[in-house]
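These protein sequence lines are chains A and B, in that order.
No gaps in the numbering here: position 128 of the first sequence is 128 in this note's numbering, and each next residue is one more.
Quick note, this note's numbering runs 1000 ahead of the 1-based positions in the second sequence.
The calculated DMTMM-like cross-link candidates involving lysine to aspartate or glutamate, where the alpha carbons are at most 25 Å apart (straight line), are:
#, chain 1, residue 1, chain 2, residue 2
1, B, 1266, B, 1255
2, A, 160, A, 128
3, A, 196, A, 247
4, B, 1147, A, 161
5, A, 149, B, 1161
6, B, 1147, A, 242
7, A, 44, A, 74
8, B, 1149, A, 243
9, A, 44, A, 77
10, A, 149, B, 1177
11, A, 149, B, 1243
12, A, 147, B, 1247
13, B, 1149, A, 247
14, B, 1160, A, 144
15, B, 1147, A, 243
16, B, 1044, B, 1074
17, A, 147, B, 1161
18, A, 160, B, 1177
19, A, 196, A, 74
20, A, 160, B, 1144
21, A, 147, B, 1242
22, A, 149, A, 93
23, B, 1149, A, 242
24, B, 1147, A, 247
25, B, 1147, B, 1093
26, B, 1160, A, 177
27, A, 149, B, 1247
28, A, 149, B, 1242
29, B, 1149, A, 161
30, A, 44, A, 259
31, B, 1007, B, 1243
32, B, 1149, A, 177
33, A, 147, B, 1243
34, A, 44, A, 201
If the Cβ cut is set under 10 Å, some of the chain B residues that face chain A in the computed set are:
#, residue
35, 1127
36, 1143
37, 1174
Quick caveat, the hints were computed from the structure, so don't treat them as lab data.
This one's a predicted model, so the numbers in the text were calculated from it and none came from an experiment.
No residue lacks a Cβ here, since even glycine has one placed at the ideal position from N, Cα and C.
What follows is the residue order along each chain.
Number of protein chains: 2
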Amino acid sequence: MAAWAEKLAGLRGVLLDISGVLYDGGEGGGTAIPGSVDAVARLKRSGLRVRFCTNESQKTRGAQVQLMRQLGFDVSEEEVTAPAPAACQLLREQGLRPHLLVHEGIRSEFDGIDTSSPNCVVLGDAAEAFSFHNMNMAFRVLMELPKPKLIALGTGRYYKETSGLMLDVGAYVKALEYACGIQAHVVGKPSPEFFKLALRELGVEAHQAIMIGDDIVGDVGGAQRCGMRALQVRTGKFRPSDEQHPEVTADGHVDNLAEAVDLLLKHATL
Amino acid sequence: MAAWAEKLAGLRGVLLDISGVLYDGGEGGGTAIPGSVDAVARLKRSGLRVRFCTNESQKTRGAQVQLMRQLGFDVSEEEVTAPAPAACQLLREQGLRPHLLVHEGIRSEFDGIDTSSPNCVVLGDAAEAFSFHNMNMAFRVLMELPKPKLIALGTGRYYKETSGLMLDVGAYVKALEYACGIQAHVVGKPSPEFFKLALRELGVEAHQAIMIGDDIVGDVGGAQRCGMRALQVRTGKFRPSDEQHPEVTADGHVDNLAEAVDLLLKHATL
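Produce the entire structure from the sequences given, and follow the hints as far as they go.
What follows is the structure, given as C-alpha cells:
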C-alpha cells in the first residue's frame, strides 16, 4: 500500500464508528475488539482530536457510554455524536410530534418531546419491536398524514451480533418508504448533515478529518462524500467483497482499529 | 367520460382481481362488496371469458375459492391464477430449494417441494410471521448464498382489512432487497410473466383483455404494460389520489365491480 504518509497528510481529527470498530455487540452487552481499548487511548494521547460518531439507536448515549466504559474505553457522553439527540433537535426545530418506533432502550432520549397527535414517524433500530403490528401502526400514522414525514435514525442495512447478522433500521425504512411512496429524512450516517454535525463537534474541517468505520457505504462512502478521508476496518460487518465495492473505494483497509492507529501515529504529521 | 364503447371495443376476456374488488378481507374471512356477487354471475353469463387473477399469498388457492364460494361467488379453483402455484412451478423448473417465509395458510401449497439446504428464499404475505426473528432468518439464508436469490409472491405495498391498512409483501421484499443489495424475482402482479400466464389460462390475447382491480400500480399499471386495458374500482385499497397517479392512468374508474360490469355489458361488442 503506497504512500500512507501522503494519504494521512494534514490530519487533525479522527471520527470513530463504535459498533464493529471498538466492540462487537451481543448478549450481555458486547466484547471489545482486541487492541481497540488501547488504540483509543493511544489516539487520545496523540494530539489528534477524537470523536465517536455512531448510528446506535438501541441505547441512549448515556447507556452506550456506560457500556463502553465497562469494556475499558476512555470515553464520555460529550464525545459521542448519535442520531437520537440529533433527531430530538430536529423535532423541536420543526415543531414535529413523532410516533416513535424505536428500541425500548432509547425511548428515554425522547422524554420531553410531545408525542400527542403525531405528525411524523421516527424509526430507529427497533429490533424485536419491528413486529408486523408495530410496522402497521407506523404505516397507518404516515398514511393518515397529508404529507407523510418519516425520520430515520440511520440507513444501516445490517449489523453483526454474536448470534449472527441482524437487519438494521435501513431495511425497515425502505419498507415504509416503498409502502407510502415517500423518501425518509435521514438523521445519522451517511447523511451529510450528520457528518457535518460531528465535524463541528470535533472542531476540524472535513479535509482535516478521517473516518474509521466497518461499514463501506454508511461510514466510508458517507464520510468521503463530505470531503473526509475514510478507512475501513476488517472487523464488525466488514465483508471481503467490500474491498471491491462497486461504488465506494476506501482510502485504505486495515485489519482493525489497532492497525489504523499504528498507521495514523506513524504517518500523520502531528 | 367519453367513448366507453370505443374503450371497450374488441374485448373477449376479463381478468378480475379478487381482494378489494370482490370482497374486503377481515376478521372471519371477509365481506362481499355490495353488488359484486351478482356482477360476477352476470359477467359469466355474458359470453366474455372470465378469470380471477390474484396476488393472494395468505391462503391456498383452495381456501381462497372456498371463502369466495361462502360469500356467494360462482368460482372454481381452476379459474384462479395465483402466485404460490406459479412459484412452485418456477422452483421445480430451476431446481430451487426454498427457505419459506410465507403465511401459515399457504404453506401446504409448497408440500412436495424440497426445502432442505435452501438455495433461495420465497417471501409471501406472511403477515404476523413478519417478525424481526423471521426476517433475520430469511436474511441470513440470503447472505450465505454466493448469489442470493429472493422470490417474491407479489410486490403489493399494502392492503386493507376491516381493522385497517396492512403492509403487504412488497414492503418486506424491499427491506430484504436493500439489506442484501439484490433485486427480487417477482412471481405475481405486476410481473409481466404472471399476467401472461393468466392470459394464457384465460385463452385470449392481451389486446382482447381487460383487468379490473383496486391497485393502481399492481393491477392497472401492470396489466397496461402487458398491452391490456385496465379499470380501477373505487373499492378496496383505492385512494382518491390514484385518479391523478403520477405514473399510471387507468382506462377508466368505476365505483365498484357492479358498475364495471354494467359498462362492459352495455358497451363491449359481444
